[in-house]
Amino acid sequence: MANITDKIVKLFPDATVVEGNDPMVTVADSRWHDLAALLRDNEELKFDYLVTIVGMDWTEHLGCIYYLMSTEYNTVVGVKVLAEGTRETPYIHSVADLWAVAVTYEREVFDFFGIVFIGNPDMRRLFLNLDWKGYPLRKDYDEDPALNPVSTESERQTDFTDVYSLDENGNVQKKEVRVFEKDDFVVNIGPQHPATHGVLRFRTAVNGEEIKKIDLYCGYIHRGIEKLCENLAYPQTLHFMDRMDYFSAHNYHHALCMLIEKAAGIEISRRAQVIRVMMDELSRIASHCLFIGTYCMDLGATTMLFYALRVREQILDIMEKTCGARMTFNYECIGGVMQDLAPDFVQDVKALLEVLPKNIKEYNEIFTGNVIARNRMEGVGVLSREDAISYAVTGPSGRASGWACDMRKLFPYSIYSELDFEEVVMTEGDSMARFKCRMREMEESAKILAQLVDNIPEGEYCVKVPKVLKLPVGSWFQLTEGCRGAFGLYLESDGNTKPYRLKIAPPCLPQAAVVDHITRGQKIADLITIGGSMDYIVPDIDR
Amino acid sequence: MEVTTKSMPYDAWKDNEYIEKLVKELNENGTNVIVGSLDKLINWGRSNSIWPLTFATSCCGIEFVSLGAARFDMARFGWEVARSSPRQADFMMVAGTIVHRMVPVFRRLYDQLAEPKYVIACGGCAISGGPFRKSYHVAKGIGDIVPVDVYVPGCPPRPEAMIYGIMQLSRKMKVERFFGGVNRQEKQKEFLAAHPVEGVED
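The listed protein sequences correspond, in order, to chains A and B. Those letters in the first sequence? Residues 0 to 542, per numbering that gives the first Met the number 0, in order. Those letters in the second sequence? Residues 0 to 201, per numbering that gives the first Met the number 0, in order.
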């Protein structure tokens with residue numbers, strides 16, 4: 000891994016290597032766009048997937064860390080870019096022309112840190128109101144509720160967005176441009192709409208029945224988890240992981256525990272690892288079940304919800320016996336898991352594995368082959384492999400487009416490298432493929448469970464960890480596979496008991512951002528099909 | 000007067016003092032026989048077909064979906080007709096966190112509900128902000144935005160707890176005066192007068 004940074008520096012002498020746990024280079028803002036283009040296009044590097052942009056406030060500097068991944072060589076590198084300009088008007092050059100998802104990521108950084116991206120075509124706030132005072136993730140943010148009171152007054156709306164450029168003197172210039180064309184007919188879908196799966200809002204420009212453009216409007220459930228984490232001790236930050244993508248509660252919890260353990264150098268027992276992986280896979284089955292239920296309900300097959308929730312309830316029972324809750328389990332902890340498995344865990348999992356194939360067969364008989372379902376799903380919302388990578392659509396949605404992006408295979412963590420399971424990859428890229436991909440993933444998860452259920456080793460379920468946990472100074476980045484895709488976590492520590500910065504890169508934000516791209520020219524009724532098949536969870540988008 | 004629902008014995012309720020207080024308030028000035036009987040009839044009908052608004056922002060909403068599915072089956076109690084339009088719904092189950100940006104939308108949804116309307120604050124976030132109370136972008140409970148009838152604690156509450164909460168609402172409906180209303184509606188009016196929607200002239 001170390002040679003990747005050397006290679007970059009050799010190809011691009013203006014970049015310098017940053018010493019740390021993960022490969023990282025740094026470059027001045029003026030050369031950043033050139034480096035980005037080289038990183039993406041050079042045959043030896045090919046960093047075609049922008050994982051996330053971590054906005055940072057190092058008090059004397061503002062800046063960003065771009066995490067890039069090469070889908071061909073399976074390497075990850077971080078690029079640190081410090082913002083130019085003053086603290087009032089910091090700016091960095093945009094890379095929105097290289098990676099499509101950067102438009103959304105840069106808006107997020109602008110919202111939280113006030114860093115302006117030169118050349119981004121849509122530089123509005125993403126989560127907060129237009130008139131929000133201050134940038135909440137800056138260290139000197141004034142949290143006085145009087146500045147930003149809770150108001151029942153409707154927020155200000157605008158049809159314009161800002162585009163920033165640099166003039167010849169190096170000053171930042173702002174220009175207003177329209178979001179939609181002047182005569183567009185705009186329909187508002189959401190935030191309170193039964194088919195948006197939560198409080199997501201699409202401002203949709205339509206031409207008759209056809210969609211011309213969608214403006215994604217989120218923030219209706221933005222709870223500021225990243226900022227909250229900065230004021231909590233490491234074990235306390237864990238419980239927020241349950242409340243973002245509440246179906247991937249175990250997976251996200253597992254991810255943050257692993258990251259903290261990696262940083263603190265804690266080795267956990269094999270038993271705890273097996274338990275964690277089993278819980279992850281159980282969650283995956285339960286999550287995909289609910290996807291099938293709600294998705295079919297969106298398409299008009301309400302009965303499927305009841306069929307699908309039957310299996311989900313069975314899994315929730317297993318979890319409840321062990322974790323004591325049906326949702327938001329708070330089960331994994333630093334050093335292992337909170338409690339040992341319930342006595343009849345093995346028996347219950349076996350019972351589940353017995354009924355699951357029958358149930359999947361039943362779903363396929365009822366729904367997958369149904370002619371109405373096929374007409375509504377086949378060929379609708381086709382996402383090509385290149386676009387999936389450029390828009391960073393991971394998880395089953397990305398794999399349905401032919402991109403093998405399963406982090407369990409690419410960067411095997413925990414005990415995944417020892418397990419025998421297949422990565423489900425399809426090539427059609429339409430809504431049907433996304434649906435089928437999840438169906439087949441349930442079978443693969445069942446396969447993993449079958450391998451582990453009789454082989455849960457004896458041992459302690461939680462190793463001893465210090466009561467007050469201090470991490471060494473440094474930064475760590477990690478990618479794991481949630482139920483909906485690649486879940487990135489960036490942790491920076493200043494040697495304290497609290498994280499200096501915890502960046503959560505959820506899989507659902509790009510999945511919602513890509514909806515605009517794949518619905519263009521499609522019928523408005525297909526928006527429900529396409530949005531549903533992406534299976535985004537709104538609290539995961541907004542955090 | 001023992002106020003209960005069909006499937007639950009009166010003694011099984013945990014907070015009968017509260018309902019008894021309501022009953023006392025209701026009977027304070029005596030009740031007209033005809034109006035009283037009509038009230039009972041109407042309340043019987045209303046309390047057995049409470050239609051919720053499909054409204055969920057986060058985790059609690061998923062438990063509400065479970066509530067609608069076969070296992071917990073809220074159809075047993077006449078609540079299964081979840082409406083997507085507030086104009087057709089009787090009550091709003093506020094399942095999830097309400098954040099700054101959502102507040103005006105949420106208040107508008109409430110204002111659009113047809114009278115008589117009710118609100119259940121479901122889960123820690125709706126009650127007080129829950130685990131996100133210290134966040135810069137979370138409303139600290141919906142009690143400051145709309146009048147709340149029933150609070151259901153939990154994070155998220157189990158479906159059984161939600162059933163208990165909605166049954167509690169149904170009991171409250173039974174001790175209401177529909178004609179010449181005193182107890183509930185006036186309080187609601189007072190609340191709304193004290194919490195006007197900013198930027199809107201009535």
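Please keep in mind that the hints were generated in silico from the structure rather than gathered at the bench. Among the clues, some could well be false.
[Unchecked claim] Covered by chain A, according to a simulated footprint, are these stretches of chain B (three or more residues, beta-carbon under 8 Å): (1) 8-18; (2) 35-46; (3) 54-63; (4) 90-100; (5) 104-112; (6) 150-157.
Note that beta-carbon positions come from the ideal geometry of N, C-alpha and C, so glycine has one too.
Tested hints:
1. Only residues whose beta carbon comes within less than 8 Å of a beta carbon in chain A count, and the segment 8-18 of chain B has 0; fewer than three means the coverage is violated.
2. Chain A is given as covering the segment 35-46 of chain B, and this is violated because 0 residues of the stretch bring a CB closer than 8 Å to a CB of that chain, at least three being needed.
3. Residues of the segment 54-63 of chain B lying with their CB closer than 8 Å to a CB of chain A number 8, which satisfies the three-residue condition for coverage.
4. By the rule of at least three residues with a Cβ nearer than 8 Å to a Cβ of chain A, the coverage given for the segment 90-100 of chain B holds, with 5 such residues.
5. Taking a C-beta to C-beta cut-off of 8 Å, the segment 104-112 of chain B contributes 4 residues in contact with chain A, enough for the three needed, and the coverage statement holds.
6. Requiring three or more residues with a Cβ within less than 8 Å of a Cβ of chain A, the coverage given for the segment 150-157 of chain B holds, as 3 such residues are present.
Checked against the numbered hints above, the structure breaks hints 1, 2 and satisfies the rest.
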